[in-house]
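**Student:** Listed here are the chains, written in short residue letters.
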Amino acid sequence: MDALLEYAWVVVALPLLSAVLITAVGKQLPGKGSEIGIAALGISWLLAIGIAWETFVNSPIEPLERAVDWSPLGGGFVFELGILVDGLTAVMLLLVTTVSFMVHIYSREYMKGEPRYTYFFAMLGLFTFSMLLLVVANNLLQAVIGWELVGLCSYLLIGFYWEGKSNQDAANKAFLTTKFGDVGLIVGVIVLSAGMFGLTDTPFNIIEINEAAFAGQLSTTTIVLGMLLIFLGCISKSGQMPLHVWLPDAMAGPTPVSALIHAATMVTAGIFLLARLFPVVAQSQAVMATIAIVGVITLFFGGLLALVQDDLKKILAYSTISQLGYMVAAIGVGGYAASIFHLFTHGFFKALLFLGAGSLIHAVHSNNISDMGGMARAMPHTFWTFIVGSLALAGFPLTAGFFSKEEVLAAGDIWAGAGFFTGSLVFWVGLAASFVTTFYMARAVFLIFAGESRSHHPPHESGKLMVGPLMLLAVLSIASGYLLTPMSPEAPNFETWLATPILDEEATFPFTGDGATEASPGTVTGDGVLAGAASPAPLAAAGEDGAVSILHGVPYWNLTKLAMVLVLFFSALFLAWRFYGKGLPERDPTLQMGGFSRALVNKYGFDDAGYRYIVVPVRDKLSAAATYSSNVLIDGVVAGVGRATKHAAVATYRVVDQQVIDGGIHGAAFSAAWWSEKLKRIQSGDVQKYAGVLVAGTILLVLAFAAAR
Amino acid sequence: MQIDFIAILPEIILTVTALLVLAADLALRGDAKQFVNPLAALGTVGAIVATVTLWGSERVTFGTMYVVDDFAVLFKLLFLGTLLAILGISWRYVAENRFFQGEYYFLLLTSFIGMLLMPSSRDLIMLFIALETVSVPAFVMVGMRKRDLYSSESALKFFLLGVLSAALMLFGMSMVYGFTGTTDLVGIAAAISGETASVPLLLGSVMLVLVGFGFKISAVPFHFWAPDTYSGAPIPVAAMLAVASKAAGFAGLAVVAFIAFEPVADVWGPILGVLAVLTMSVGNLIALQQRDLIRLLAYSSVAQAGYILIPFGLARTGPEAAVVNAAAIEAVVFYLIAYAVMNVGAFGVAIAVERRTGLRSIADYAGLSARSPLLAMGMTVFLLSLGGAPLTVGLWAKFAIIEAIAVDITLFGIVLAAFLVVNSVIAFFYYLKVVRTVWMDEAPAGLPKLQPGFNLSAVVVVLMVGTLVLGVLPGLVTDFSSVISIVAAG
Amino acid sequence: MSPIGPLVLAAFLFSAGVYGVIARRNAVLVLISVELMLNAVNINLVTFQNLLFPGDPAVTGQMFALFIIGVAAAEVGVGLAIVFNMFRNRASVDVDDADLMRW
Amino acid sequence: MDPNTAGWALVVALFLPLVGAGALTLMPSSMDREIRRAGVAITAVGFALVVAITASFDYSRAGELQFTTDVPWITAIDARFSLGMDGISLPLFFLTSLLTLLCAIYTTKHLPSPGKPKAFLSLMLLLQTGMAGTFVAFDLILFFIFFELTLVPMFFMIGMWGGPRRDYASVKFFLYTLFGSVFMLVAFLAIYFQAGANTWSIMELSTMAPFGSTTFQTWAFLGVFLGFAIKVPVWPFHTWLPDAHTEAPTVGSVLLAGVLLKMGTYGFIRIALPILPDGAARFAPMIGVLAVIGIVYGALCCLAQTDVKRLIAFSSVGHMGFVMLGIAAMNEAGIQAALFGNIAHGIITGMLFFLAGSMHERYHTREIAVIGGGMLKKMPVYGVLFTYVAIASLGLPGLAGFWGEFAAMWAAISPGLGLADSYGGLYLGLVVFAAIGTVLTAGYFLWLIQRVNLGEPPERWADEPLADVQAIEWVSWLPLLALILALGIFPRLVFGVQDAAVTNLVGFLGG
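Protein chains in written order, with our numbering: chain A, 140 to 848; chain B, 669 to 1158; chain C, 13 to 115; chain D, -13 to 497.
Hints are computed from structural coordinates only; laboratory data are not their basis.
Watch out, some of these pointers could steer you wrong.
Keeping only pairs whose Cα atoms sit at most 30 Å apart, straight-line, the calculated BS3-like set for lysine-lysine is [said to hold, decoys possible]:
id, chain 1, residue 1, chain 2, residue 2
1, A, Lys304, A, Lys251
2, A, Lys828, B, Lys1117
3, B, Lys814, A, Lys819
4, A, Lys166, D, Lys363
5, A, Lys251, A, Lys171
6, D, Lys363, D, Lys102
7, A, Lys603, A, Lys171
8, B, Lys1101, A, Lys819
9, A, Lys603, A, Lys700
10, B, Lys1117, D, Lys102
11, A, Lys166, A, Lys251
12, B, Lys1117, B, Lys701
13, A, Lys304, A, Lys453
14, B, Lys1101, D, Lys102
15, D, Lys363, A, Lys304
16, B, Lys1101, B, Lys1117
17, D, Lys363, A, Lys251
18, D, Lys363, A, Lys171
19, A, Lys828, A, Lys817
20, A, Lys453, A, Lys251
21, A, Lys251, A, Lys603
22, A, Lys166, A, Lys304
23, B, Lys814, B, Lys701
24, B, Lys701, A, Lys817
25, A, Lys304, A, Lys171
Source: prediction; values computed, not measured.
Modelling step: build the complete structure from the supplied sequences, incorporating the hints.
**Tutor:** Structure below.
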């Protein structure tokens, strides 16, 4: 079966090749180079599908690792360039190539007439290559390289319209914020590799690190310090609070870029890395708790922020932040498979939403939903694909988003069942956030598609090249969810796909929760909306001390919770419809609330209460506060840090460098000159003074001699 | 008593030459007078040949007063070489400035005869005579520009301070004679070893003896004459004073210090060390202020004297001291050779620039590179060498001194080294100032191109080549296993 | 004989000479002071000679003294020449008028 | 050529420029273009020879000296004329020869007033001999000579072809470096007598090491440290660097950044560490701290600069800080990193100075505010190159800058010589701050790009015809641009060559 896997490197190489070719000859070609990119990505895509298939049907599989000694690093250590193909890699390969391929096709029309058309495609190729390089990395150093390169591409593409000051700032902000996180990543990687000294010549090798961690060869310090630092990198890269601030600004880039980089792939690199190193993460309860809490905060407040946005891309950006929060939180509560599963599905439907948004923006030449409205009639395909995407994002049952998000919640529930407080946190907050998600997506959808058109340009449906990808992604937004559902077989399914020799069914966490000691498997059985571990078998196998197994097995239906989700969904939908169903409210919704409340007196008092005491505070106050905290506080801090640094810089330069240090040198020189000025006076020109000094000196010396003994 | 004429052959040749020069001067008329110069040069070459033949031999004559060993021969060669160079740079200068050429060359040769005597002297009387033979003609030569106020004033200063220090030295010598009952250096050494070595009065008079040489080498506080005299005297004379008579002073100092007063080396060593520090610091610091190139060179040569004094500061007494003292003397000798090469060169260039125009302030050297690339190149090389830049002999000179220090590291040695380092950095300030003016400033309009003339160019070129060649292969002269013979005497 | 007398005399003469060289403004007097110093040295030498080797044929001291006398003559000759020259140039023999060159 | 016997090749390659300089001085100044061509020819021949040497170098024995020459030189002090080349010397030697060639090519078209190509090229060739010699001299005295030899030509380069404050800058450069190196000479002599083996041979002394008491080693190391640290320059000895760089002509800056600074770090690695391991071990933490201060500090100063060239100059302080951090790690990885950083910085910053130079020629100013952005619009190709090199300089993986920085931090996490036990925490802190330094570095470079490259060109340049990259610039830049990429992708090109040599060296270190 390895036959195909051996060629995984081709998947990586092709985009690079296309980037090079496009830069070289792109301009001369009729398609301005786009055809090269599309062709290359197409082949990569097919290959990736093949690899995914191979790994999936035969899962769980023995990972395939191929590496060459790329360079000695001194001390006998070696930096190897290699590929590591297992389920996780295959998933990512599939996701990245698919979205990238779609974006390539889409951009061909979307970017038409751009002055830097060719450059754009070259960059897409370069980005795809970098992302894949990171994905297939068999060692952390290579991963870091890919990581930094995607950062660069992101910088270059956010600043694609570099004539505008704001775009430049956005690009710099993105690069520097993530670069700050990279401090953590790099030092973390260094710390981990330092733990491997003496164990191996390839201290960056991921598999070896994982095995060492599982075998307890790594000291707790190494693990905790290393992983926390690496997690800092993830926080910045994957838009976790408080370092998410760059992501909304990153929307300054062209929409396809937002879809590819800032929704589907690059921002998920952090989660991918955590998953890659999950065996290490799993060694430390502290690390996992930190991850979980950061994730929870992000998923909730990130979602709230989306409520008050008018810019469609900003709405999607904040929702991306929130969804990334889910993934991170899942990692934090042991939902290894759940997290990647959500990453996988989210990649498709968020890319879909962005490309849809792009199609809309293309039509009305504006990002603001207040300029849209009534687009359903004008752009039917965009409409229904967008609806699919929104449903998936909102987690409407039987969409991909539904299954993956509920997996996350289930993971939280199981974790809670095992006695970890972060578990219930993830579960309940995640549930609440799904309400918010539904609300803001519904709001967006209503404002865009319902009511009358508010656009200044007559909207028109986009061409095939743009609609085609939408459709395919829409299909995937539904289908990809079925890799892990209650209907799925024991194997192969998404979870067995991700299983590795280390993370097999027997694998368990080395620590146990508080309540877990007396917990029988039964109680440990999470009863999330879809609870993991339908059959208690893996848990029983997980040992009688209640140790939690890392893989949860196939979920099963739990109708009560399912009902709960549906209620949440529809209530949110209904509320949104109430406010926005008839297009953009002329007056401020709060005033509209006044008229609403009158109706409550007689029949809808229940709604009214719900509205007054839940929605209004949440939507206006809390989110406003969150917005404030995000845009003013954290941004302010970031900006402040920037300014402070500048001042520090100027001060250091002016005072320390120019005066203290240099001054010292000059001081020496001047003092020499000063002495010189004084001393030369001795040369008075009067010979008898000379004689006097001469004699005096002689007498002194004579005395010195005489006194010498 | 039987006299070894071979041993004193160089002196004899030089004396004869001097007399011939005088006679020739009477015979020749007008412009022809300038041809006494080649005559003198001829005699000098003869003396050199005679001296070379003495290399490696060990001759003693006039009782034990006069010794010719490698130490002496090396110094004699140094003097004669310098004499040749000075003759070279004097020719046109003297000829054009129309002063008594015959007398000038006669006095020059006489003064050098005194120098030749210096390193061979092994007796206080001999030393005194040598010293005066060097000085008295110099007094006259400095005042040779009779109508020039500066010249006569500098002559006066030079003379007064000279005789004063000579008198002080003589007083010291008389006291030493009183204590030891002999004027023979070795005898003195023998006499003052033992408890007499700690009689304050004796030590005091030892110091007085050193004063005379301190004056010759212009060590602080005996240096005051140097700047005024150099800038007043005809430049070739200044060169002679700055190089040859200074070297003679060091030769005498070495002889008297390491032979006669070796037993009390632990007394005069440190004090000369302190003098060294004073000398180089004062010289360099004042040099920073100079606008006049000759005065700058004067102070720089004061500073150089300070460097050369450092090895004396390292001197020790006792049998185990031999190695240190040997290293010290080697350093001194090598430094003097290097110093002669580069300093005569610098003065030569100064002559070429000053000769016609009479310009001597540093500003007047602006754009020299355009007016005469050769001279500019020469000046650069010589000054950088004085500073101790690599690939010039100057570096090795300083190297030799540091090496002498490092032979047996003491705290005092480290202090001296530190002062040497700091001073050589300070020194670069003013050397570079000149170099910058020469190359990087625009020449004032209307200045003619310089034609230094053949002899002077030849001298400059030869010295420049010497500076560089020795800078690459100092081995050509650093190997003096034999010059330390005078230490063995100690 | 006791050497004390001559030695004290010599010391006195010498000091007087030093004082004269430093203090007297007239160049001629300065020259004379130099003479004083040199003769003080001569007295010293002769005294020591007679003190150390009374009636000894080896008369180093006297020899030295003779040399000094000769050299002194030469020096004073040169000195006078220089002083005259200066007098011709500036019609003054005050040494401290000679301060053209300084610093 | 057989690397065991062909010592002559190295000697020729070393002194060819010197001879060339002499030949140039004989040409009449009137033949302006011929002189410039001759300069290119000489350096080209020299480079060809170096390429031949590189080709015939026996990489399987990269740890041992090859192309050795060893003849008595100054017998009186046992100084020998001993040249050689191992895996550490080779890359630096190659770089020197290459950069000089490129500078000569660049000079054929660009030479600031007052012209005088003859003098300029002669000085440059003299400088080349000095620089190249430093990397292949294996006798302390010989090393010192070459080390010092570079001062004089560089002094004249800055002083004659420099900017408005050239007098100040040139003298400052000269005296500053001189000051350090004289102390170094004293230390060398101390080492010589302490070792008492009547040899100046670096290799023999390294083999004998450690000798002398720890006190001796500390003092000797201090002396050597002063000499090299000023050259590198290590904070706070760096203040000569910005002035020298800012005032120097383009070629001067390129060589200064490209090679001269490397002589300092090379000296540390080749001499200070192996001969004085105890002293090194004592100084290592201090060096590390100074290095990291330099990194952060250099970056901060860069943020404050308004002059492009001065900014680049200060960035050197930061980059050399990484090199010193690698040295402070005192282990193989660290020294590897330091040497790699050397090369990378030489290429990248050299290139940056080329760019700054031609920027000045086009805009006649280096003030960022005056240039005011829009360069990508005015000169697209140039702008792209500028971005490329700047990004390389901020240490992006895939380009040369990354390996030096990352490897240095990576090595510093577990310093050698038992430092890990006593100073483990300190070094971890150093790594963290160094990493933060990389962020600041990214910060000022991006800011620079934004202010110079991006946006619309301001009015005053709008209709100014500014020529994009010209042919001669392409010729002299392409090799560097290519190397930046090549070293980034194939770090083995340097790491591999050095590996064995570094292993030996650390063997001396006893680490």
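**Student:** A separate judgement is required for each hint: does it hold in the structure or not?
**Tutor:** Here's how the hints hold up against the structure:
Taking the CA atoms of Lys304/A and Lys251/A, the gap is near 23 Å; set against the 30 Å cutoff, the hint holds. A threshold of 30 Å between alpha carbons decides the hint, and for Lys828/A with Lys1117/B the separation of about 43 Å lies outside it, so the pair is violated. Of the supplied pair hints, the one linking Lys814/B and Lys819/A holds, its CA atoms being roughly 28 Å apart against a limit of 30 Å. The hinted pair formed by Lys166/A and Lys363/D meets the criterion: a straight-line CA distance of about 18 Å does not exceed 30 Å.
For the proposed pair Lys251/A and Lys171/A, the alpha carbon gap of about 10 Å is at most 30 Å, so the pair holds. For the proposed pair Lys363/D and Lys102/D, the alpha carbon gap of about 35 Å is over 30 Å, so the pair is violated. Distance hint between Lys603/A and Lys171/A is fulfilled; the C-alpha atoms sit about 19 Å from each other, no more than 30 Å. Between Lys1101/B and Lys819/A, the direct Cα distance comes to roughly 18 Å. Compliance with the 30 Å bound is thereby established for this hinted pair.
The straight-line distance between the Cα atoms of Lys603/A and Lys700/A is roughly 41 Å, outside the 30 Å bound, and the hint therefore fails. Of the supplied pair hints, the one linking Lys1117/B and Lys102/D holds, its CA atoms being roughly 19 Å apart against a limit of 30 Å. This hinted pair checks out: Lys166/A and Lys251/A have alpha carbons roughly 14 Å apart, not beyond 30 Å. For the hint linking Lys1117/B to Lys701/B, the alpha-carbon distance of about 27 Å falls within 30 Å, and the restraint holds.
Pair hint Lys304/A plus Lys453/A holds up; C-alpha atoms about 19 Å apart against a cutoff of 30 Å. A threshold of 30 Å between alpha carbons decides the hint, and for Lys1101/B with Lys102/D the separation of about 21 Å falls inside it, so the pair holds. Taken as a hint, the Lys363/D and Lys304/A pair is honoured in the structure, with Cα atoms around 15 Å apart against an allowance of 30 Å. Taking the CA atoms of Lys1101/B and Lys1117/B, the gap is near 22 Å; set against the 30 Å cutoff, the hint holds.
A threshold of 30 Å between alpha carbons decides the hint, and for Lys363/D with Lys251/A the separation of about 21 Å falls inside it, so the pair holds. A distance of roughly 20 Å separates the Cα atoms of Lys363/D and Lys171/A; the hinted pair therefore holds under the 30 Å criterion. Annotation: proposed proximity of Lys828/A to Lys817/A holds, straight-line Cα distance about 16 Å (limit 30 Å). Of the supplied pair hints, the one linking Lys453/A and Lys251/A holds, its CA atoms being roughly 24 Å apart against a limit of 30 Å.
Distance check on the hinted pair: Lys251/A and Lys603/A sit about 14 Å apart at the alpha-carbon level, within 30 Å; holds. This hinted pair checks out: Lys166/A and Lys304/A have alpha carbons roughly 27 Å apart, not beyond 30 Å. Taking the CA atoms of Lys814/B and Lys701/B, the gap is near 19 Å; set against the 30 Å cutoff, the hint holds. Of the pairs offered as hints, the one joining Lys701/B and Lys817/A is violated, with about 47 Å between alpha carbons and a cut-off of 30 Å exceeded.
Restraint check: the Cα-Cα separation between Lys304/A and Lys171/A comes to about 28 Å, which is no more than 30 Å; the hinted pair holds.
In summary, the numbered hints that this structure violates are 2, 6, 9 and 24.
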